[in-house]
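Please put together the full structure from these sequences, using the hints given.
Number of protein chains: 2
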Amino acid sequence: MTGPRYPDLIAKLPSSVPFVGPEVQERQRGAPFRARLGANESVFGPSPFAVAAMQDAAGQCWQYADATNYDLIHAIAARMGVRPDNIIIGEGIDGLLGYLVRLLVAPGDAVVTSDGAYPTFNYHVTGFGGTLHKVPFTSDHEDIDALMAKAHEVQAKLVYLSNPDNPMGSWHSGVRVEKALDALPDGTLLLLDEAYIEFAPTGTAPKIDADDPRVIRMRTFSKAFGMAGARVGYGIGAPDLIKSFDKVRNHFGMSRISQAGALAAFEDIAWLTDVVALVADARDRIGAIARDNGLTPLPSATNFVTIDCGRDGAFAKAVLAALIDQGVFVRMPFVSPGDRAIRVSAGRPTDLAVLERALPKALDMARG
Amino acid sequence: MTGPRYPDLIAKLPSSVPFVGPEVQERQRGAPFRARLGANESVFGPSPFAVAAMQDAAGQCWQYADATNYDLIHAIAARMGVRPDNIIIGEGIDGLLGYLVRLLVAPGDAVVTSDGAYPTFNYHVTGFGGTLHKVPFTSDHEDIDALMAKAHEVQAKLVYLSNPDNPMGSWHSGVRVEKALDALPDGTLLLLDEAYIEFAPTGTAPKIDADDPRVIRMRTFSKAFGMAGARVGYGIGAPDLIKSFDKVRNHFGMSRISQAGALAAFEDIAWLTDVVALVADARDRIGAIARDNGLTPLPSATNFVTIDCGRDGAFAKAVLAALIDQGVFVRMPFVSPGDRAIRVSAGRPTDLAVLERALPKALDMARG
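Taken in order, these protein sequences are the chains called B and E. Going letter by letter, the first sequence gives residues 32 to 399 in our numbering. Going letter by letter, the second sequence gives residues 32 to 399 in our numbering.
Honestly, the hints are just simulated from the structure, not real lab data. Be a bit skeptical, because a hint or two may be false.
One copy or two, either will do: identical chains are not told apart, so a pair holds if it fits within one copy or between any two.
Straight-line C-alpha distance at most 20 angstroms; calculated DMTMM-like pairs for lysine to aspartate or glutamate [to be verified]:
(1) 43 <-> 271
(2) 210 <-> 277
(3) 43 <-> 277
(4) 274 <-> 39
(5) 181 <-> 395
(6) 43 <-> 54
Shown next as C-alpha cells:
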C-alpha cells in the first residue's frame, strides 16, 4: 500500500506557510487578542451597504456565482474609464498572484522582487519553480532602479513592485513608476501591486494605459474597502493577458456573497472617503504613541505605520513578542534593515489605547 | 513594447471555459430563467442557521479568515470519526481539484477518468500538462474495472471516480468502491468525488480508513448543504497528502463568511435530512413528468435526474435548446451515449411546474 507519487518540484517544496494568522496565535496563547493590528485589515469595517448586500445575498448562496463577474467588472471598468476586457476579478490579490505566476513562470524562470517584500508572492513563485532574484530596499523604499537593472540582468519574466509598499509603508510618485515602465526589458511584465493605493497621496497612482502590455496592476477590496475576509481582488491590464487568466483560474471560485458585497462597497464612495480619513487620524495617533516612547514612525501612504525601534532586529523582535504577550497583535518586517521596526495597522481609538498602554511595558521588557 | 512571455504549456492551452453559467445565458437571451435547474444547485437553500451565521459574519469580514480552517476541520473530523489532520478545506471541490492535480501531475503524467465525467477535473489536468486517458461509461455507470485496467496500463498518477456520478446520476455500492482500491496500481491515487453522497442510499459511501494513502475523498457544501455560491469543499485523506496541500494552496483563500456558514450548516442535521427528503420527492416528480412525455428517467442517487430522450445526441440537444428558450435552465451530458439525455436538477414544486409546462412544447419543437 503505497502513497501518491509527487513530482520533484512538489516534493522539494517546503511545508512552511507564508503567514501564521492571528487565530492560530490566539489558540496558542489561550486568549483572544485585545487589539488586532497585525494584518493591515480595516477595523473600520466594510460599508454598511456592503454588509446589507452580503446579508441579502446569504440566503441566495445556493446559486453559484456568475463565473464571469460581469456586474463587478463593469462597475470597476466604468469608474476607471477602461473596458471590461481590461479587468480580471479573483479571490483576493493572493489568488490573482497565484494565477499570474502560473501563467508566466515555468520552472527555472527568473522573477525579480525586493528582499523583504510580499512573502505570498514569493511563495507562489517558488511553488511554480521560478527562481527569485531579490534586490535590497534603499532607504526603506523599494529600489526601482535596482529592480529594473536586475530584471535586465536575469531576463526576468516578471518584476514585482508594490506602491505604496508593504511592509515599510513607503511610496514612489506615479511619475516615477511611469518612468520605470520604459526601463523594463522587452518581454518582462511589471506586476504593480496597488493594494494600499486608496490611502496614498494624490499622484501616487501612475497614469498607465490599461492596454499597455508591459504591466498589470492589482487592487483589492481587502484594505480600504474593509473586506479582507470576503476575498475579492482585481487586476487591470491588457486584454490578451486578462483573457489568459481564463486558461487557469477557478472559474466558479468566487463567492456570490462576496461579489454582491464588493459591488455595493465599490459604489459607496462616501464610506471609502471616511475610512481614508479615519486611517489618516490613526496613523497620526500611532506616530504620536511611537514618538512618546522615543521611537521613530516612518512616513506611510498605507493603513499601517512601520515604527523604527531604533536598534537591531533582535530588539524589534523582542518588542513584538512583548506586545503579543499583552494581547496586541502586530507584525514586523522579516528582512534587515527593515526588521529593526514593528508594523502597526490603523486602529480605532480603543485599539490604539491598548497599544498605548502596552508599548512602554513592551519596550521595558525588550530592554531587559 | 512587447507583452509577457508565456511558457509553452500555457500558450497552448485553450481559452475555452469548462462551463457557461446561467447568468451568461440570461444576458444572451435578455431575460431571467423561470426555473434554474441546470447546475445541480439546491433550490431549497442553505439551513436558516447557516444564513443567520453568514449574515452575522458579514459585518466581521474586515478580518481575514482563519487560514487553518480550525473550527470547520474539527467539526468535520469529529462527525466522521477521523483526526483533524485527515481533513483539508478548500474553495469548493473545484478549488481542491486544482490543488490536487498541481500536487501530483507534472507535464506528461498520466491521469485516468471516464469519458463524459466532470469537465472541470479535465480542465485542471490539461492546465497542468497532464495526459488524460478516458474510458467509456458502461450502461450509464462509470466502469470501475475499465478505470483500474487503464490506470495499470498507463501507470496513472491519479484516477478520477465520482460516486454517485455526474452527469448520469448512477452509483456503485460502497463495497464495490472498496474493492476497487485493491485493484489500484502502486503509486496511483484514487480521487473519489463524493459531491452527491448525502443523496445516495445507505451503503453507497465506502468504508475507507482515512489514513489509507491510496485514496482521497472529496465532499462539498455546494449540493445537499445548499451553499454552492459560498465555495466550501473538503477532502479526507492520509495526513501526508493532506499536509501537502499547504505547499500550494491559497492559505488565506477562504471567505470568513463562508466558513461561518459551513460550520452552522454542518451542525444542522435536521435541515439536511429535510433537503434530502425534498430532493427525493423532486426526483419522483421529475421522473413522472418525463414518463408522462414518453421519456425515460434514469435511476438517480443525486439531486438531479438524467432523462433519456430516446433518440440521439442531436435530438436531446434540440430538446435542451427548446427548454432554455422557454426559460428553463437545464444541462445535458456532453459525450455519447450519455448525450441522448438531458439533466434536470431537483426543484421546488413551482420550478417543476415550469418544467412540466415547457417539456411537451420542447419535445414538439425538437421533433420538428
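Structure-based check of all given hints:
Proximity of residue 43 and residue 271 under a CA criterion of 20 angstroms is satisfied inter-copy only: 14 angstroms between copies versus 33 angstroms inside one chain copy. Neither within a single protomer nor between protomers do residue 210 and residue 277 lie at most 20 angstroms apart by alpha-carbon distance, with minima of 30 angstroms and 39 angstroms respectively. For a Cα distance limit of 20 angstroms, the shortest separation of residue 43 from residue 277 across copies, 13 angstroms, qualifies, whereas the shortest one inside one copy, 29 angstroms, does not. With identical chains, the CA atoms of residue 274 and residue 39 are at most 20 angstroms apart between copies only, with a shortest distance of 17 angstroms across copies and 30 angstroms within one.
Proximity of residue 181 and residue 395 under a CA criterion of 20 angstroms is satisfied in neither setting, with 42 angstroms inside one chain copy and 68 angstroms between copies. Proximity of residue 43 to residue 54 under the C-alpha cut-off of 20 angstroms is found in neither arrangement, the shortest distances being 28 angstroms within a copy and 42 angstroms between copies.
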